[in-house]
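Asks: As you go down the protein sequences, you meet chains U and P in turn. Per our numbering, residue 1 is the first one in the first sequence, and the count goes up by one each step. Per our numbering, residue 281 is the first one in the second sequence, and the count goes up by one each step.
No lab work stands behind these hints: they were computed from the structure. Cβ coordinates follow ideal geometry from the N, Cα and C atoms, glycine included. One or more hints might be untrue.
As the list claims (entries may be wrong) - Okay, derived cross-link-like pairs now, SDA-like style, lysine to any residue, Cα gap no bigger than 20 Å in a straight line: (1) Lys57(U) x Asn528(P); (2) Lys11(U) x Lys285(P); (3) Lys45(U) x Ser513(P); (4) Lys11(U) x Cys520(P); (5) Lys325(P) x Lys57(U); (6) Lys57(U) x Thr527(P); (7) Lys45(U) x Asn522(P); (8) Lys325(P) x Gln180(U); (9) Lys57(U) x Asn522(P); (10) Lys11(U) x Lys325(P); (11) Lys45(U) x Lys325(P); (12) Lys484(P) x Phe4(U); (13) Lys45(U) x Leu487(P); (14) Lys484(P) x Leu265(U); (15) Lys57(U) x Ser513(P); (16) Lys57(U) x Lys484(P); (17) Lys11(U) x Ala485(P); (18) Lys11(U) x Lys484(P); (19) Lys11(U) x Thr518(P); (20) Lys45(U) x Asn528(P); (21) Lys11(U) x Asp339(P).
Claimed, not checked - Listed next, with one range per pair, are the computed distances between beta-carbon atoms: (22) Asp252(U) x Pro468(P): 39 to 47 Å; (23) Glu492(P) x Pro148(U): 36 to 44 Å; (24) Pro525(P) x Ala238(U): 27 to 35 Å; (25) Leu179(U) x Leu487(P): 36 to 44 Å; (26) Leu179(U) x Ala517(P): 22 to 30 Å.
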Amino acid sequence: MTAFKYTDYLKTEAQPYMWCPGCGDGIIVRALADALAELELPPEKVVIATGIGCWGKADDYFRTHAFHGTHGRALPYATGISVGNPDLHVIALMGDGDAVTIGGNHFIHAARRNINLTAIIANNFNYGMTGGQYSATSPLTARTATSPRGVPEPGFDVCALAQTCGANFIARTTAYHVLQIKKYIKQAIQKKGFSLVEVMSPCPTHFGRRNFPAGPLAMMKYLKEKAVSISRYEKMAAEERSEYLATGVFADNDRKDFLTVYWDLNSSQQASGGAVNNEK
Amino acid sequence: MSRPKGMRLLQGNEACAWAAIDAGAEFFAGYPITPSSEVAEICAKELPVYGGVYMQMEDEIASMAAIIGASLSGKKTFTATSGPGFSLMQENLGVGIYQEVPCVIINVQRVGPSTGLATRPAQADVMQARWGTHGDHCIIALSPASVAEMYYLTVRAFNLAEKYRTPVILLSDEVIGHLRENVALPNPGTVEIINRKRPGGDPKAYLPYQAEEDGIPPMAAYGDAYIVHATSSCHDATGCSNSKPETNKQLLKRLRDKIYNYIDDIVQVEHFGPANADITLIAYGATSRVCKQAVTEAQSEGIGVNLLRLVTLWPFADAYVQQALEKAKAVIVPEMNQGQVLGEVQRLNCVNTPVYQVSRTDGELFTTEDILAQIREVAK
């Protein structure tokens, strides 16, 4: 038995969640609270940082330290919080709009710097809170409020983007795969450096209504059937791959995080000595 | 460069960086931009010696966000920028004000708008400092006029930020930032340092935005036993978002009161020249240095003129300016913009004193002759 229960991390009095029926966000909240309890992290050592959007409201439900900021900036706030106090477990919760659309520049640099934090992206492929407009992960040709004839731009593969930038830990799963969410979040939190867990999360109200006319259940079934392991995905022919979603752990590295490298380079002896002192 | 000892020829930006270190800054996040870059360069080299971290962010939006985050983690934080970078910081400047996060923004002003005359001096971000971020809010901004003041006002900016739990802007300009003067930095131990008020008592009873009698809530850091919820949305004493109209009304009133109730502590001016004179110059920053010379020369020509220098730009020195308007027969406002402080002076002009503008927007500092010509004209 762990010393902590998932309810130690949640403001249960703030429930029920504000999210729409069929939304995956509540599933991720529970998985994160379970992960924190199983890792036995004291709530006062955890900071939940969020931006704006449906998933950006998640901090309201946590009884940990919290930071709720402006749209797209969760990662630079989290960067300051993490570097400001390296003993903290900083967890940035962002939607796809927040993380890789308006926040795309911050995302690539936080991953590149390998800031010690955990990013949990709830990817619902559109802007849910604002009414279902397309984001940088909306698939090419998908119908949204601002692409009534189909999205003219291809969407980002968030995990591939993080991999290119050098994130230490990268995993993807779906809101249908509840235990996998918790497992990946635990791995991500335990990993020092930038960790990413992308959860493909249904938005029946906006994305589902326009692209899954059979309803929310059909969307959940889609996630169940189309989410395949990376090994299975890699064996598929190129044209078959476009029908499926690769899930699993894409990266599990131990590159030194930003602050470790910073202090390696700036030990006080070096900083006051010759190594940096290259001026007259 | 280790900490300059004794009398040394120092640049304004250098004095600023050392002041931040002496004030206890442990975290700098910024994006390089001339004419402020020396502040970043010195921090990159020296902060780690003092146990602090320099971060070069991807842009000024991220820089402002990072100093807010690190301040909530318990560090004294700051950034340095100029015009276009200051524009990008405005969104998160509002977050810092609303969340009551102590931090310091150094803006070494250059000519704009846009890229403007990169990177010649201007004093044209006065209103952007006041109203740049959206929403109704208050701000503290200080305007140094010498290298020594880059030091002392930077320390003061940190102290005011900590005392009043708010972002504070050091609104310098290229002339002062790049000016070199002989100054002796004080012994760091002799400088007054103010640290943010911390909570006591039962952590479980702590409400992160419950103000004490002085209007300022004690501030716990992330990682303390006191759980902190900070949000950029309207919030009550719990720190959690709350969209009741009354909550925002009360919050905005408290945020205003915590600055305007302490206006005597925050607002500083300097008087130069005879106490009573027919003509009063009202100026700040680099321009005020030229005004001092003009006052001296005009006096020798037999013209009665003095200078009211605004050391604190925001909140505006209403009482001092009103007094000047009442005492003088004419007021001249020279500034390196098309009339930003001029408008404030006119706002306060209930006595209909003639107010004259001297403006320069060509990226050149005023000459003494520019100011003298207007003084002579008014004195006729």
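Asks: Next step is simple, just say for each hint if it's right about the structure.
Replies: These are the hints, each one checked on the structure:
no. : hint                              : verdict
1   : Lys57(U) x Asn528(P)              : holds, 19 Å
2   : Lys11(U) x Lys285(P)              : violated, 54 Å
3   : Lys45(U) x Ser513(P)              : violated, 23 Å
4   : Lys11(U) x Cys520(P)              : holds, 11 Å
5   : Lys325(P) x Lys57(U)              : violated, 39 Å
6   : Lys57(U) x Thr527(P)              : holds, 19 Å
7   : Lys45(U) x Asn522(P)              : violated, 25 Å
8   : Lys325(P) x Gln180(U)             : violated, 45 Å
9   : Lys57(U) x Asn522(P)              : holds, 12 Å
10  : Lys11(U) x Lys325(P)              : violated, 44 Å
11  : Lys45(U) x Lys325(P)              : violated, 31 Å
12  : Lys484(P) x Phe4(U)               : holds, 17 Å
13  : Lys45(U) x Leu487(P)              : holds, 18 Å
14  : Lys484(P) x Leu265(U)             : violated, 40 Å
15  : Lys57(U) x Ser513(P)              : holds, 11 Å
16  : Lys57(U) x Lys484(P)              : violated, 23 Å
17  : Lys11(U) x Ala485(P)              : holds, 16 Å
18  : Lys11(U) x Lys484(P)              : holds, 14 Å
19  : Lys11(U) x Thr518(P)              : holds, 13 Å
20  : Lys45(U) x Asn528(P)              : violated, 30 Å
21  : Lys11(U) x Asp339(P)              : violated, 35 Å
22  : Asp252(U) x Pro468(P): 39 to 47 Å : holds, 46 Å
23  : Glu492(P) x Pro148(U): 36 to 44 Å : violated, 54 Å
24  : Pro525(P) x Ala238(U): 27 to 35 Å : violated, 56 Å
25  : Leu179(U) x Leu487(P): 36 to 44 Å : holds, 37 Å
26  : Leu179(U) x Ala517(P): 22 to 30 Å : violated, 39 Å
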